[in-house]
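*Asks:* In case you want the letters, here they are:
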Amino acid sequence: MNRQSNIQSKAGTKNSCIDSCIMEGYNYAYLDEQTKRMIRRTILKAVAIPGHQVPFGSREMPLPYGWGTGGMQITASLIGSKDILKVIDQGADDTTNAVSIRRFFSRTAGVLTTTRTQEATLIQTRHRIPETHLIKDQIIIYQVPIPEPLRFIEPRDKEVRRMHALKEYGIMYVKLYEDIARHGRIAKAFDYPVLVNGRYIMSPSPIPKFDNPKMNRMPALQLFGAGREKRIYAVPPYTEVKSLDFDDYPFEVERWPLCCALCGSDSSYLDEIILDDKGSKLFVCSDTDHCNKRVDKGYRGNQEKPVQEAKTCIRTGERKCA
Amino acid sequence: MCMKDSNHIPLLKVKSISKYYGRRIGCRKIDFELWPGEVLGIVGESGSGKTTLLNCISGQMEPSEGAVWYAGNGGVIDMCAAPEPQRRLAMRTEMGTVYQNPRDGLRMHISAGGNIGERLMANGLRHYGKVRRKALNWLEKVEIDSERIDDIPVTFSGGMQQRLQIARNLVTNPRLVFMDEPTSGLDVSVQARLLDLLKGLVTELDLSMVMVTHDLAVTRLLAHRLIVMKDGEAVESGLTDQVLDDPQHPYTQLLVSSILHP
Amino acid sequence: MKCMVDVDKLNKDFFLHTQGEAKIPVFKDFCLKLEQGESVALVGPSGVGKSTLLRLLYGNYKTGSGKIMVNHDGDAVNLAGADPHTVLHIRKWTIGYVSQFLRVIPRVPAIQVVMEPMRVRGASEKVSRVLAGELLTRLRIPKRLWSLSPTTFSGGEQQRINIARGFISTYPVMLLDEPTASLDSDNTESVIEIIKEAISMGTAIIGIFHDEDIRNRIGSRSVKIQPFNNHACSKQLIPID
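Chains as they are written, first to last, in the working numbering: chain L, 507 to 828; chain G, 1253 to 1514; chain S, 7 to 247.
I should point out that these hints are in silico values taken from the structure, not numbers from a laboratory. Where a beta carbon is used, it is the ideal one built from N, C-alpha and C, also for glycine. Hints are not guaranteed to be accurate.
Claimed, not checked - Chain G regions said to be covered by chain L (calculated; three or more residues, Cβ under 8 Å):
| # | stretch |
| --- | --- |
| 1 | 1333–1343 |
| 2 | 1359–1366 |
| 3 | 1380–1392 |
This is chain L alone, in the form it adopts within the complex (with noise of 0.2 Å):
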């Protein structure tokens, strides 16, 4: 794949024909400058406590609730002329809500694009953040459903923010503990709270258990938007952010019996395809920004050979490579 034609913007890629570009009758970047400034002081406030979900007044975007909307409107907020977006759902660049809400940006903001994970100065991503490790100035922006971790265990709303307030956060462990009574271990696999710079109680949004380590202490800063539920929370750079855990249940992450059957990555979130109705099935990167590259480097998977059993590998977690 050629390196230089990643970076796309529309009808052109001179910077100095951007604003031209931009759809006529709409405000840069769709919301009104009004919007941004509030969005902004609320993200500054969300950056000030980090974890602490701060209320804001969320608009109607152009798509419905659920696809985006939250971490829409951030991005929008954010985004100047010289940036450049990826954005991502599901670890994936070409699923439809990340091709439309990239091409919703370069259209109405004129930015640059890029599905490099490395070269993006704003990365939106629905649940998954990317394996290249994120640097110092990039911004990654989750798009959330349920900011409120507590919720499915207190339904009143004043007595959720009374136990924020107050670190009353007993019943999460209660959560916990009735998975280990139940499963014989933490089921919980995707949005797994954690515990921000030792005070708020976070929901990481629906990403898998396994990106929870990226957030402990990561150079880049990360928002996170609910346009429905109208909360915007952050934790800022090099933030510790620990997964609650028991001491004899301490935390862990999936693993997969085999290698990605494209790149033969042996560290990343791997999805599982099913091939046919015989049960055959492949591994592959969730992160398709990651496997390409790897590909472009000569990495390989062992593509011709789809596993049917690999139960014993699960238990013991050991790892076989091509």
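Following the hints, complete the assembly by docking chains G and S onto the known chain L.
*Replies:* For chains G and S alone, kept in the frame of chain L given last:
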């Protein structure tokens, strides 16, 4: 054996507590002291302000006037004026509340073990095995079969739910427990079992207890002292047996003479 | 001798508000002194107020006016008008009471009922159990009943449980309300023995014993309580011996 008891400071000092609902009186100018290891019964008919008083002194409702001094492990605090974090900390570590309806006091869709363990985990215990052991231990104490540890309270009988509530509250060894009609709604044989259990725990753990009830027979067996309430005011108070055997106020006499003896 | 209880000008009326504001006077300026190791038997016809006096001395009934001074661990405390906390403390350490009725929580085993006064004083489970067992054996309560609730016992058995409960810990003052009323002769003997032992250890006793023989054997001084008449200056206390 030493005749002097170690504790000579009241655990709870209630000073002129009043609660008004608009112009209506919830309770008016109630005073009392509760000593360590003492059980106080608050009796009176429905609507006499018993539960209002209980809510005011247990920090669940803000009284219109008055003060509640609690001499806890962290020094004396005014439960009506102390900052909320301090108050809630005292409430979840040193106090407990057993509600009339177990639905108010239990998490009905969390297992029995989780219900008992919640306070432990809220107070910082982060060890599943230890939580589990303590929960099993308390199930045994409140006479619930240990095999039910992973069952949810909706599958329990009324008496079991009430006992589970007690275990959930007592697991952190509180010093003071508030009970709102703990035995009403239970049939008599279950009641007796619960009373026996409570009495044993009060002695064993040196608990103090404030118990609201309309059942005078229950107070005779459990409470050291009684406050009789009518229309929001305390019309009579004193030793339980003295109030029941030699009632002074016309209302108390009426109340006592109305009990049915089997 | 140390004066344990000093009743001075005690007055007691019952007001029955629910029954036409009836007033039933019981005591008028009643006086009584009780010394250490002394035994006093209250005598008088039924309904004259013997049990009422015991209940007043136990703080069970509220004193109208007058004083009930009790020697509580060396301090003279006025039981009439003492706050409930003090009364409970006096009951725990100074004054014991064996009533005619056994009031217990159903389901609690007899031996636990007997042990309780020891336990509230802080005695260990083990020591209390041994002492309770000894007393129950002396009172001929068969061992198989110890673990059962006394609510199902016969009248005589219940009374013996009550006595065992009263005498398991030593009190400087004991109030006994007809402790032998429903007992056979063997058990009566045991109870008299227990009472005499208590007296020899310095316990002062005020009791109601209907049997003159028992009164004599315990070596009581009898105090006759006269039916109340409305003469303001009527003398209540007439020593017989």
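*Asks:* Now look at each hint and say whether the structure bears it out.
*Replies:* Here is how each hint holds up against the structure:
With 3 residues carrying a beta carbon less than 8 Å from a beta carbon of chain L, the stretch 1333–1343 of chain G meets the three-residue requirement, and the given coverage holds. Figure legend: the stretch 1359–1366 of chain G, annotated as covered by chain L; annotation consistent (5 residues with Cβ-Cβ distances under 8 Å, at least 3 required). With a cut-off of 8 Å between beta carbons, the stretch 1380–1392 of chain G has 4 residues touching chain L; three or more are needed, and the interface restraint holds.
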